[in-house]
Amino acid sequence: MVDQALPVLLFLLAAGALSVGMVVVGTLFGPRRATAVKRMPYESGMDPIHDSRRRFDVRFHLVAIAFLIFDVELLFLYPWAVASHHPQGIDAAIAAGAGSGRGVVFCGVLFFLGLVVLGLVYEWKRGVLKWR
Amino acid sequence: MMSVETTALVLVLVKIALMLGGIMTAAAYFVLLERRVAAWVQDRHGPNRVGIPLTKIRLMGLGQPLADGLKMIFKEEYIPAQVDRPLYIIAPIVIMTAALAAFAAIPLGSVVPEITQLGIKEPIPLLVATQLDVGMLYVFALSSIAVYGVILGGWSSNSKYSFLGGLRSSAQMIAYELPLGLGILGVVLACHSLRLDAIIQHQADSGVWFVLAQPLGFVVFLVAAFAEAGRLPFDLTECEQELVGGYHTEYGGMKLVLFLTAEFIHMITASFLIVILYLGGWHLWGVTGSGVDVGWVGALLRMAVLMAKTFGLIFFFMLIRWSWPRFRFDQLMSLAWKVMLPLGLLNLVAVAICTELAHPSVAGNWLDSRLGGGGTALFFCVAGWGVAFLGLCAVALTQPMIGDNRPRRNLDLQHVDQQLDFEGRPSAG
Numbered sequence: 001m002v003d004q005a006l007p008v009l010l011f012l013l014a015a016g017a018l019s020v021g022m023v024v025v026g027t028l029f030g031p032r033r034a035t036a037v038k039r040m041p042y043e044s045g046m047d048p049i050h051d052s053r054r055r056f057d058v059r060f061h062l063v064a065i066a067f068l069i070f071d072v073e074l075l076f077l078y079p080w081a082v083a084s085h086h087p088q089g090i091d092a093a094i095a096a097g098a099g100s101g102r103g104v105v106f107c108g109v110l111f112f113l114g115l116v117v118l119g120l121v122y123e124w125k126r127g128v129l130k131w132r
Numbered sequence: 001m002m003s004v005e006t007t008a009l010v011l012v013l014v015k016i017a018l019m020l021g022g023i024m025t026a027a028a029y030f031v032l033l034e035r036r037v038a039a040w041v042q043d044r045h046g047p048n049r050v051g052i053p054l055t056k057i058r059l060m061g062l063g064q065p066l067a068d069g070l071k072m073i074f075k076e077e078y079i080p081a082q083v084d085r086p087l088y089i090i091a092p093i094v095i096m097t098a099a100l101a102a103f104a105a106i107p108l109g110s111v112v113p114e115i116t117q118l119g120i121k122e123p124i125p126l127l128v129a130t131q132l133d134v135g136m137l138y139v140f141a142l143s144s145i146a147v148y149g150v151i152l153g154g155w156s157s158n159s160k161y162s163f164l165g166g167l168r169s170s171a172q173m174i175a176y177e178l179p180l181g182l183g184i185l186g187v188v189l190a191c192h193s194l195r196l197d198a199i200i201q202h203q204a205d206s207g208v209w210f211v212l213a214q215p216l217g218f219v220v221f222l223v224a225a226f227a228e229a230g231r232l233p234f235d236l237t238e239c240e241q242e243l244v245g246g247y248h249t250e251y252g253g254m255k256l257v258l259f260l261t262a263e264f265i266h267m268i269t270a271s272f273l274i275v276i277l278y279l280g281g282w283h284l285w286g287v288t289g290s291g292v293d294v295g296w297v298g299a300l301l302r303m304a305v306l307m308a309k310t311f312g313l314i315f316f317f318m319l320i321r322w323s324w325p326r327f328r329f330d331q332l333m334s335l336a337w338k339v340m341l342p343l344g345l346l347n348l349v350a351v352a353i354c355t356e357l358a359h360p361s362v363a364g365n366w367l368d369s370r371l372g373g374g375g376t377a378l379f380f381c382v383a384g385w386g387v388a389f390l391g392l393c394a395v396a397l398t399q400p401m402i403g404d405n406r407p408r409r410n411l412d413l414q415h416v417d418q419q420l421d422f423e424g425r426p427s428a429g
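Chains A and B, in that order, are what the protein sequence lines are. Going letter by letter, the first sequence gives residues 1 to 132 in my numbering. Going letter by letter, the second sequence gives residues 1 to 429 in my numbering.
Hints were generated in silico from the structure; no laboratory data involved. Treat the hints with care, as some may be off.
[Claimed, not checked] Taking lysine-lysine and the DSS-like style, the derived pairs with C-alpha atoms no more than 27 Å apart in a straight line are:
hint, chain 1, residue 1, chain 2, residue 2
1, A, 130, B, 338
2, B, 338, A, 125
3, B, 56, B, 75
4, A, 38, B, 71
5, B, 71, B, 56
6, A, 38, B, 75
[As the list claims (entries may be wrong)] Stretch by stretch, here's where chain B covers chain A in the computed footprint (C-beta under 8 Å, at least three residues):
hint, region
7, 10-21
8, 83-90
A quick note: this is a predicted structure, and the numbers were derived from the prediction, not measured. Each residue gets a CB set at the ideal place from its N, CA and C atoms; glycine is no exception.
Chain A on its own, in the form it takes in the complex:
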C-alpha cells in the first residue's frame, strides 16, 4: 500500500508546491497599482449593473444530478470490467466455489446496464436533456 501511494503522494506534493510557488512568485514580483476602476468586476467597460450572485437556470442542476447518477453507476462497472477476464478474477472466484457461473455474472451486468439505459430513456422522455 505504501509502495502504491507514496510516489503518488510525493507527486501531488511536488505538483502542489510548484503551483503554489508560481502564485507566490507572481505575488512577490508583480507591482501593485490598484485603482477603484481596476478593482471593479469586468463587464465590458460598463459599470456593473447588479450583483452576480443571482438565480440561474435550473437545468444546470438537472445535468449535475443526472451526471451524479450515471457516474456512480459507471463506477460500479469498473470492478467487474477488471475482474471479468482477470486470471484472479471471476473465474478464480467461481472455481473457489463463489457464485454459480460466468453466465449469471454476465447477465447480471447486462441487467444493470439495462437499468442504466432505462434511466437514460426516462430522463430523455421527461425532457431533462432538452435545452432550448
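Dock chain B against chain A, hints included.
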C-alpha cells in the same frame, strides 16, 4: 552505497523532477507551437522574432516562451474587490495541481535497463507511480477535479462573465465525463487492468490496437477527450467572443498563467490517454517489438514512438482548433447526452459480449478451432467495425440535425419578396 529503499526513493524523486520539468517546458513550447500552427493555418508569420536576448539571433522564435514566462511573472498582481479571496486564490492552484498530478500514472515509454553503476539493479519503468494498480481510475479522478477549479474560479470571481463561464464549462465537463468513462471501460474490459502500462503491453502483445478493435469506443473517447480538454469545437469554457474569457475573466498575472497552462496540460494528458488507450502506446508493428527486455536502443525507440504519436495527436488538436466552428450550448449538451452516451453504452455492451464470447468457457475454444487465433481476433475486429457503423447509422437516422439553423432551402424567395416591399417591411395588404 545507499540502501535499496533510499535508492528507490531517490529514483522516484528524480522521476518526479524530470516529469514536472518536462511537462512545464513542453506546455510552454506547445504554446509557441500552437501559435506557429495558427499562423501557418492562417497564412501569416506568427511569433518568429524572439531569440537570444541582446543579439539579433532569432532562432525561429524559440525564445518566446521564456520571454512570455518572465513577462507573466512581472505582471501586475491585482485582486478585484468583489471576489471571495481564499477561493479566488485556491482555484488556479487546484486546477494546476490536478492537471500536473495526473502524470504520476502516465507512462512515457516502457522500461529502460538497470544502471548498476548507480546501484539500480532492476529495470526502470518510465512511470512515476510504478506500483499503482488503479492508474486509469486515478487519472480519471484527477481530470474530474479540474471541474472544481473551474467552478471555484467562476464562482469566487463574483463577476457575471466568470459565473456564466464557470457554469457552462462545469456542465460541459461533467456531461462529457460519462462518454469518457465509457470509452475507458471498453478498453479496461478488454485487457482486464487499470494500469496504463499493462494496457499498452496488452496491445503490444496482441498487435491489435484498440482503435482497430473498438472503433466506436475510439470515436466516443476522442470526442469526449476534446470536450474535457475544452478545445475547439468544444471550447465553450472560454468562448472569447461570448463570455470574454469564461471562468478566468477576472484573473491576471501568474494566476491566469496557471489556468491557461492547466488547460494546455489537459490537452497533453488527453493526447497521451488517447495514444495509450487506443493507439497502441509505444507499440508500432515491426519496429518496437513487444518483449519486456529490450535494452537501451529498444527503450529509446519505444519512447520515441510514444512521443511521436502523442505529438501527432497534439498537432491534430491544434489543426482542429483552426478548422472547426464552435458548438452551440444546446448542441453540445445534446451531443453529450443523446449521441455520445448511447454510443458509449452500445460500445460497452458490444465489447462485453465480444470478450464474453471469446472466453474459453463460452465460445472461445470453438471460435479458435474454427477460425484460428488470428481469425478470431479479425472476427471481433470486424464485429467492432460493424457495431460502429450501425451505431453511427442509427444516430444519423434517429436524430436528424439537432436544432438545424441553416438557411431554409424550401423557402420560395419570390413568394417572400411579394410579401415584403423593397425596404424589408411587410407590405400593406
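| For which of the previously enumerated hints does the structure constitute a violation, in increasing order of number? | none
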